[in-house]
Amino acid sequence: MTTTVIKSIKPAGGGDYSSLNTWESANRADLVSLDQIRVAEVYSGGNALLANTYIVLNAGWTTNPTHYIEIRGATGEQHQGIFSTSKAYMEYLDPAHSEIIEIYKDARITRMQCRSDLYSIYAAPAAGHEVYVDQCICIIAATSNLIRGTVYNAGAGLVTVRSSVVLNNGSGGGWGIACLSTGPVNSYGNTIVAPNYAYHAMAAGSDSQDNYLSAGTCYHGTIVKGDHDATSNNEATTPALRSIAYSTANFVSVTLGSEDFHLNPTSVLRWGGVDQAGLTTDFEGQARHSPPSIGADDDPSVILTVDSVDGVTASEAISRVGNIPVSILEGLTVSESVVRLVTALCGSADGISIYDSPQRTLTVIVTASDVTTFQDLASSIRTAFLGVYDGVEAVDRSPEPIDGMMSSLLQGQKPFVAIQVAYPRIEIRVR
Amino acid sequence: MSEILIKLSDDVSKDPIGSWRTGDIFTAREDGFKWGTEEVPPIFLVVKLPGIPLSQLQPMLVGWNNVDGDIYRQRLWMWDGEKFVRKSDGIIRTVGQLQA
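Residue numbers (my numbering), protein chains in the order written: chain A, 1 to 431; chain B, 1 to 100.
Hints listed in this document are in silico derivations from the structure and should not be mistaken for laboratory results.
Backbone N, C-alpha and C fix where the C-beta goes; we use that ideal spot for every residue, glycine too.
There could be a bad hint or two in this list.
[What the hints assert, rightly or not] Quick list of the computed label-pair ranges, beta carbon to beta carbon:
(1) B/P42 - A/T3: 22 to 32 angstroms
(2) B/W77 - A/A249: 49 to 59 angstroms
(3) A/V268 - B/N65: 25 to 35 angstroms
(4) A/T66 - B/P53: 40 to 50 angstroms
(5) B/Q56 - A/L93: 40 to 50 angstroms
(6) A/T3 - B/V40: 19 to 29 angstroms
(7) A/G257 - B/N65: 25 to 35 angstroms
(8) A/N234 - B/F33: 26 to 36 angstroms
(9) B/N65 - A/N64: 29 to 39 angstroms
(10) B/W64 - A/P239: 51 to 61 angstroms
(11) B/M60 - A/S253: 24 to 34 angstroms
(12) B/F33 - A/S86: 18 to 28 angstroms
[What the hints assert, rightly or not] Calculated pairs, DSS-like style, for lysine-lysine (alpha carbon to alpha carbon, straight line, at most 30 angstroms):
(13) B/K48 - B/K34
(14) B/K48 - A/K7
(15) A/K7 - B/K34
[Claimed, not checked] Reference listing, derived: stretches of chain B covered by chain A, where coverage requires no fewer than 3 residues with Cβ under 8 angstroms from a Cβ of chain A:
(16) 19-28
(17) 33-43
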């Protein structure tokens with residue numbers, strides 16, 4: 001049975017190693033003979049690379065696709081979708097020469113931030129070897145004036161990039177994901193932004209799906225275009241996914257140096273993709289929706305876990321839920337989560353009551369004083385509980401159809417919608 | 001006062017690119033830095049340098065690039081590793097740290 005050997009990399013000190021360089025230097029081994037996977041778990045506290053260096057995964061390592069090297073952000077130290085030096089990262093900025101990592105063996109880079117001026121990740125695996133870049137933020141900085149790929153395959157093996165941000169901010173007309181050798185580079189669920197080519201693949205068989213691409217030329221080479229890719233120009237296969245602006249219409253921020261590729265709730269990219277094998281999480285490690293969003297981010301769904309709600313107003317109930325797993329609320333504080341939840345649910349907490357029963361049935365009752373508000377609230381609740389619900393039985397217990405309730409309201413009566421949800425453990429997924 | 005972390009043995013490969021050799025100085029830190037628990041002999045050694053400010057050590061941390069700008073060696077300068085290790089071997093094996 002394959003053993004996974006995990007070592008901590010703490011740039012601020014106190015780990016197994018203080019840098020990736022020392023870890024790599026001391027851990028070179030024949031992983032196939034040892035039947036091992038070797039993992040470097042990177043913590044925050046500074047650059048995981050030593051000054052003026054990059055690491056090379058090559059000589060001294062023997063690997064195969066099931067006995068590989070992995071460099072990943074440690075739990076709780078991983079980026080939250082925005083590049084931040086307060087989270088686990090590796091960086092080498094030098095306009096004259098810099099790349100972060102060269103990979104010639106089987107390796108995985110997971111939940112890391114990688115920023116450089118040349119190649120963010122340079123891979124050249126031999127035929128039969130595989131490199132995976134998962135849930136990473138890979139950036140070529142604006143200080144670069146070189147024509148290079150942010151994630152680049154120069155080998156004959158396979159490179160797969162998934163649920164990652166690939167951002168080339170250089171002024172040299174560079175690329176996003178690229179391969180100019182015989183090995184393909186597959187791209188699934190990435191947000192790729194570059195000045196020249198977003199996806200530049202000269203190797204036959206490079207596969208693409210669920211990506212957002214923005215560049216002067218989005219595709220260049222022999223790429224098998226995914227019919228659920230979206231482009232900033234007119235290159236997308238599907239007409240509805242063409243001319244999707246690289247702007248705040250779709251992303252939280254496109255400001256140079258402070259890009260935030262979380263999707264806006266109204267973006268057409270949201271849930272616009274197609275299920276893809278291996279594409280199970282977004283760039284923050286959150287479970288993908290089915291169908292997934294196009295690009296690195298999926299959401300903005302919010303998952304709320306409620307253990308006890310007993311006849312209080314929604315805002316009171318939510319404020320009392322001290323057991324919201326903040327981690328699944330994208331790192332938001334509880335108060336932020338409350339605001340987001342209520343807003344996402346119906347735009348306002350007014351008019352909503354939640355009742356719990358000993359039979360573990362949650363009933364949400366919506367009342368309102370005017371037709372417009374009532375329709376909006378009722379629609380939101382129905383959608384949230386009946387349309388998007390996964391794995392839990394939800395039944396509409398309203399006393400009369402919605403049209404009838406509208407009539408009641410117009411006649412001065414007080415209608416309501418009651419949705420009952422039977423639950424073993426409530427997990428409410430709200431749009 | 002500063003501390004430096006040096007390599008006590010060559011990497012498995014003699015490939016110069018990306019390899020660290022005996023005497024190469026990985027990095028320098030302020031006194032009291034908590035080095036990794038595995039950054040110890042026989043692969044690594046911490047050398048304490050009283051009275052030497054960190055800034056004076058920065059030139060020892062530059063790489064050796066070829067004419068194309070590619071890294072040829074991780075470090076241009078090195079501690080005189082062979083002699084150093086030979087002369088201090090007993091201390092290294094028993095203490096794991098040296099004070100210059």
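query: What hint numbers does the structure not satisfy?
result: 3, 5, 8 and 11
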